[in-house]
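Asker: All chains should be modelled from the sequences, with the hints used to inform the complete structure.
Spelled out from the first residue to the last, the chains are:
Number of protein chains: 4
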Amino acid sequence: MRVRAAVAGASGYAGGELLRLLLAHPEVEIGALTGNSNAGQRLGALQPHLQPLADRVLEPTTAEVLAGHDVVFLALPHGQSAAVAERLGPDVLVVDMGADFRLKDAGDWEKFYGSPHAGTWPYGLPELPGARAALAGAKRIAVPGCYPTAVSLALFPAYAADLVEPEAVIVAASGTSGAGKAAKPHLLGSEVMGSMSPYGVGGGHRHTPEIVQNLSAAAGAPVGVSFTPTLAPMPRGILATCSAKAKEGVTAESVRDAYAKAFADEPFVRLLPEGQWPATASVYGSNAVQIQVAYDETAGRVIAIGAIDNLTKGTAGGALQSMNIALGLDEATGLTTIGVAP
Amino acid sequence: MRVRAAVAGASGYAGGELLRLLLAHPEVEIGALTGNSNAGQRLGALQPHLQPLADRVLEPTTAEVLAGHDVVFLALPHGQSAAVAERLGPDVLVVDMGADFRLKDAGDWEKFYGSPHAGTWPYGLPELPGARAALAGAKRIAVPGCYPTAVSLALFPAYAADLVEPEAVIVAASGTSGAGKAAKPHLLGSEVMGSMSPYGVGGGHRHTPEIVQNLSAAAGAPVGVSFTPTLAPMPRGILATCSAKAKEGVTAESVRDAYAKAFADEPFVRLLPEGQWPATASVYGSNAVQIQVAYDETAGRVIAIGAIDNLTKGTAGGALQSMNIALGLDEATGLTTIGVAP
Amino acid sequence: MRVRAAVAGASGYAGGELLRLLLAHPEVEIGALTGNSNAGQRLGALQPHLQPLADRVLEPTTAEVLAGHDVVFLALPHGQSAAVAERLGPDVLVVDMGADFRLKDAGDWEKFYGSPHAGTWPYGLPELPGARAALAGAKRIAVPGCYPTAVSLALFPAYAADLVEPEAVIVAASGTSGAGKAAKPHLLGSEVMGSMSPYGVGGGHRHTPEIVQNLSAAAGAPVGVSFTPTLAPMPRGILATCSAKAKEGVTAESVRDAYAKAFADEPFVRLLPEGQWPATASVYGSNAVQIQVAYDETAGRVIAIGAIDNLTKGTAGGALQSMNIALGLDEATGLTTIGVAP
Amino acid sequence: MRVRAAVAGASGYAGGELLRLLLAHPEVEIGALTGNSNAGQRLGALQPHLQPLADRVLEPTTAEVLAGHDVVFLALPHGQSAAVAERLGPDVLVVDMGADFRLKDAGDWEKFYGSPHAGTWPYGLPELPGARAALAGAKRIAVPGCYPTAVSLALFPAYAADLVEPEAVIVAASGTSGAGKAAKPHLLGSEVMGSMSPYGVGGGHRHTPEIVQNLSAAAGAPVGVSFTPTLAPMPRGILATCSAKAKEGVTAESVRDAYAKAFADEPFVRLLPEGQWPATASVYGSNAVQIQVAYDETAGRVIAIGAIDNLTKGTAGGALQSMNIALGLDEATGLTTIGVAP
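Chains A, B, C and D, in that order, are what the protein sequence lines are.
Okay, so the first sequence: first residue is 1 according to full-length UniProt numbering, each after it adds one.
Okay, so the second sequence: first residue is 1 according to full-length UniProt numbering, each after it adds one.
Okay, so the third sequence: first residue is 1 according to full-length UniProt numbering, each after it adds one.
Okay, so the fourth sequence: first residue is 1 according to full-length UniProt numbering, each after it adds one.
Take the hints with a grain of salt, since some may be wrong.
Calculated pairs, DSS-like style, for lysine-lysine (alpha carbon to alpha carbon, straight line, at most 25 angstroms) [to be verified]:
#	chain 1	residue 1	chain 2	residue 2
1	D	K247	B	K181
2	B	K139	B	K181
3	D	K181	B	K184
4	C	K247	D	K181
5	B	K261	B	K245
6	A	K247	B	K247
7	A	K261	A	K245
8	C	K247	D	K245
Note that these hints are calculated values from the structure, not bench results.
Answerer: Structure representation (structure tokens):
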């Protein structure tokens with residue numbers, strides 16, 4: 001199979017990471033690359049690490065430019081995907097790396113994004129129960145948010161196995177690339193190096209309803225979530241520390257068994273050996289997920305910690321993994337579980 | 001008043017930070033500086049940032065060397081302070097920056113530190129209810145751990161005002177200096193830059209019982225704690241994200257009022273204006289504590305976040321603040337709330 | 001003496017650092033604080049590390065606001081100082097932290113800054129030969145650039161003692177705060193963390209003529225300079241690696257002697273013991289300069305390396321040091337040689 | 001072709017990087033992995049980023065364990081390769097990532113490494129004139145040092161085209177992984193984050209004679225080198241800033257032409273478009289080399305700057321590239337020019 005893929009939004013971090021991965025994907029040929037304010041510029045000036053594409057020039061993001069591809073990836077600002085997608089034919093696989101089609105609840109969408117709800121597409125987190133079936137043959141895919149990817153993978157086995165109460169407390173640290181490439185003073189290197197800081201505290205982060213949606217689906221009942229994201233002084237990576245009160249009768253063994261079963265056949269998720277904990281450095285640049293879980297008997301809580309690369313498994317790698325499934329390719333094609341460390 | 005101070009353990013990070021602050025303290029004259037494996041070396045080779053002390057030579061840590069001072073600071077490995085302290089006279093103010101005399105419960109000590117309990121000294125966290133009275137005139141002071149300092153300050157007002165349930169969930173990120181200066185592979189720059197990782201998960205960290213002790217005292221009843229420390233890619237700073245389930249009737253206003261009252265007269269703690277969140281960079285090198293609190297109505301939790309410099313307010317600055325109280329000096333002498341940023 | 005000082009440009013990095021130091025200066029009272037686009041904002045929102053000034057509100061940068069102070073510090077974009085300064089009376093001490101009055105050669109100014117030359121003020125690098133005399137009693141001071149500070153201090157003794165040929169090669173690494181607080185994509189944390197990159201290569205950096213001016217003055221003859229600045233992944237600090245071909249007869253001893261003499265009485269410069277090399281971490285947040293020099297017999301070159309904090313000795317600390325001299329205060333008042341490390 | 005490869009020294013940074021690349025090499029099967037102090041340990045505990053090899057156990061580094069492979073990579077401490085290599089048969093391709101067989105001059109070896117010279121093997125920097133011919137079919141390969149790789153590629157075209165005087169001045173910044181994985185206090189994260197510092201100043205660094213050897217070969221005459229390495233606060237990457245006095249008649253065009261010709265057919269080296277400068281982030285994790293060159297007419301010097309990943313092109317990638325040539329494979333097999341950024 002030879003797949004011709006276009007990337008709308010090729011100058012940003014998500015688009016750049018996707019191109020990095022597409023270049024290594026044996027079945028993909030890279031077609032049109034588009035940008036808006038950067039249209040007309042050489043990619044080498046915008047993404048100097050993508051040496052083989054240095055002389056490619058960005059085109060404007062229009063339906064004409066994006067036409068004639070098998071797959072179109074949308075790495076656009078939130079709220080802009082629907083207008084582009086509806087002009088692409090129903091036979092084109094459209095993979096939206098923005099938030100537009102992730103949420104099922106229109107009210108949640110409107111509350112957190114402030115615009116009309118565009119709809120819901122098959123959700124590109126294959127490891128969740130039932131997700132692969134929805135993705136197989138799909139022509140539209142909503143790629144999950146980076147935090148929801150890390151958090152949902154760390155916690156869904158506990159909810160799916162009915163081990164914990166429906167109130168999760170999550171504190172996650174993200175590298176700065178999660179905040180995008182738009183220049184804002186608080187994202188300057190001078191500000192972020194040497195500093196940890198929270199944001200969107202108290203349920204205000206847009207990824208909160210997406211996490212609630214995933215965990216509630218796993219639990220088969222509403223799960224409440226306290227989610228605090230923090231900005232960490234590193235370019236990439238998410239470390240999600242998640243916990244919930246254990247239900248009666250839960251033991252360290254039952255917790256470990258549930259996680260071992262949940263991830264037994266997963267190509268990208270590794271439940272670490274007991275005593276070893278995830279580090280974001282170990283998954284740097286890879287599609288791997290490292291998970292560890294513990295039962296704190298004194299506090300009566302199950303603590304699950306997951307590490308991903310926010311740009312790879314958390315965005316572009318997850319997008320490719322779902323594309324592989326939708327196209328009937330081996331799910332791991334063009335993806336790696338090998339991190340770049342140290 | 002002119003105070004002559006000795007520092008045992010002057011080659012490590014805690015000792016170095018203490019010297020940095022002592023050099024700026026108008027009432028202190030720096031006396032003996034001791035080390036063990038580093039005795040005989042110039043301080044300039046070990047602490048090149050302490051330019052005025054570059055030509056001082058470390059002496060061995062013995063009672064003879066430490067005799068004849070008004071104050072002796074102990075920055076020794078855990079378990080070594082008692083033997084040194086008992087050879088110093090009862091009129092000398094001994095400030096222990098190690099853990100030896102922090103815990104009241106001998107069983108906790110033995111479980112977490114694996115040696116016989118040495119006793120309990122007045123606890124050097126002046127902001128806690130009743131702490132200043134115990135410190136005034138004291139001749140022995142136990143300086144709190146860095147995590148307990150950040151966490152206790154962030155959460156005690158919620159417990160003292162009976163706003164939250166007695167089960168706290170804490171995830172804290174610390175700079176690497178909190179792990180000390182002993183060279184271990186996982187603390188190499190190559191390993192920590194670009195990486196977030198947890199450790200001591202599931203209640204295993206030694207600071208857990210100290211946090212429990214402080215919060216329980218504030219609540220007047222046992223408080224359970226789920227504490228997950230993480231290592232962040234920065235040299236200094238702790239960001240503690242703490243939460244607990246709100247009790248019935250709690251409102252955003254009642255939460256804010258409780259915190260405003262708790263810190264109204266505190267010289268070092270600043271409850272930030274609503275909407276502004278702490279960042280470790282803002283307190284870098286200072287004794288300041290920045291706190292923010294929110295009530296997440298959807299999740300039903302109070303979230304309190306505190307930022308400190310682990311070496312300053314979290315160790316050496318806290319030690320000096322308590323020394324000032326013990327000696328009857330103005331509590332803020334030689335200390336600053338001004339961080340070094342960016 | 002009680003000195004009332006205004007700061008124009010209080011929201012940027014230079015202004016913020018100056019305020020940090022002024023707060024600790026025993027003879028200074030902080031008067032008006034101004035900004036342009038930030039006028040009307042609380043300083044606590046812009047400089048959250050300056051806790052004692054958190055509730056101060058920025059005023060617009062006008063002659064009226066700046067009137068009535070003993071000292072006015074200008075931390076404005078290049079080219080804006082002259083217009084402000086000429087509206088301040090001749091009895092006011094005006095300290096310009098911009099470039100406007102540094103260069104003696106109008107042609108150099110116009111070539112590198114592209115606007116008419118405003119003039120030349122006494123140059124605020126007290127350690128250079130003759131500088132203190134020019135600063136004593138001055139009412140106008142041009143604060144040197146951060147790179148010229150580091151480079152000139154590292155190299156002038158070699159030129160003053162006629163040890164090296166008049167062609168210097170300089171490669172310097174700077175922390176990102178040297179590039180200021182304006183948000184530009186290449187200064188994002190995501191871009192700078194993990195990356196070293198050069199800029200202004202081939203003589204294009206605006207600090208080149210200032211370095212030439214200083215070294216030529218020390219040599220008493222024109223000195224050519226090859227200067228390559230690089231951006232390093234750290235918030236602060238400059239490490240300047242400078243070398244020049246040794247003249248005939250030069251020995252390791254004659255080099256060391258020249259440097260030892262040059263800095264013998266300097267309160268802020270420390271020539272390190274042989275074998276110890278400067279590190280920017282050692283001078284973090286301080287006005288200290290650490291210098292080491294070596295004679296590479298095989299290559300026939302003298303190599304001098306200097307480390308400073310670009311915001312302190314390189315900008316705001318240097319400004320205060322010169323202010324002290326101009327006002328007849330002890331030169332070291334309110335300044336420290338103690339770095340914040342680790 | 002199917003090549004079975006063993007790696008001696010699989011627990012260090014060079015060995016880990018090599019395994020990361022070997023896992024992606026389509027013609028290589030990974031055989032024995034050995035360590036010394038770490039023999040018996042799971043690789044997953046030592047190199048947690050190499051997820052596919054997590055359950056492999058390190059064996060001791062003996063001739064028996066290393067026997068029966070087509071290729072043996074030696075990532076051993078300097079001075080240990082000869083003893084291992086001589087017990088491996090002449091038909092085995094031995095690729096030494098240590099320094100033992102790089103230098104041609106026995107006196108240089110003894111002066112800088114303090115042990116008897118083991119000999120000289122074909123030098124694994126294919127881009128140097130004549131190097132590929134020496135590598136084709138070779139059974140022994142000496143992989144260059146990381147600094148010599150960056151510096152030689154940046155400067156050899158200027159010497160090969162006789163553009164510059166035979167005195168080069170080089171200042172290079174390296175990420176901390178270049179210093180290895182052995183835990184030393186000055187390499188702690190607390191020490192290196194936020195700090196730039198030089199070392200081996202004045203010609204003392206072991207890579208100096210190797211640089212001299214390469215540049216002199218390119219020039220066809222002895223080239224003197226002043227080399228100052230600096231440690232930068234990043235895990236990976238080398239930025240080498242190199243310059244030399246231009247010979248009479250040199251122009252910007254002649255310089256650019258020489259570099260364009262030198263790298264025209266090189267698969268891994270990219271001479272950047274004019275005005276764009278290398279950044280280590282752009283080559284992170286890749287075998288790419290980014291080069292820019294300028295002629296500073298005022299200073300009369302040619303300035304060439306190169307960026308590599310010290311562990312990839314600077315060590316393990318360079319080793320694989322040379323292995324490919326020796327085995328008659330396409331030189332780029334298993335290697336990429338795509339960096340991981342941001």
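Asker: Does K247/C pair with K181/D here, judged by a C-alpha cut-off of 25 angstroms?
Answerer: The hint is violated at about 41 angstroms.
Asker: Sort out whether K245/B lies within 25 angstroms of K261/B, counting only the CA atoms.
Answerer: At roughly 21 angstroms apart (the allowed maximum being 25 angstroms), K245/B and K261/B satisfy the hint.
Asker: Given the hinted pair K247/C and K245/D, is their Cα-Cα distance within 25 angstroms?
Answerer: Since the Cα atoms of K247/C and K245/D sit roughly 17 angstroms apart, the hinted pair holds (cutoff 25 angstroms).
Asker: Are K139/B and K181/B close enough, with their CA atoms no more than 25 angstroms apart?
Answerer: violated, 29 angstroms
Asker: Against the 25 angstroms threshold, does the CA-CA distance of K247/D and K181/B hold or violate the hint?
Answerer: Given pair K247/D, K181/B is violated - Cα atoms ~50 angstroms apart, limit 25 angstroms.
Asker: Does the alpha-carbon distance linking K181/D and K184/B stay inside the 25 angstroms limit?
Answerer: holds, 10 angstroms
Asker: Do the alpha carbons of K261/A and K245/A lie within 25 angstroms of each other, as the hint requires?
Answerer: holds, 21 angstroms
Asker: Please verify whether K247/A and K247/B have alpha carbons no more than 25 angstroms apart.
Answerer: holds, 21 angstroms
In terms of the numbered hints stated before, the structure departs from hints 1, 2 and 4, listed from lowest to highest.
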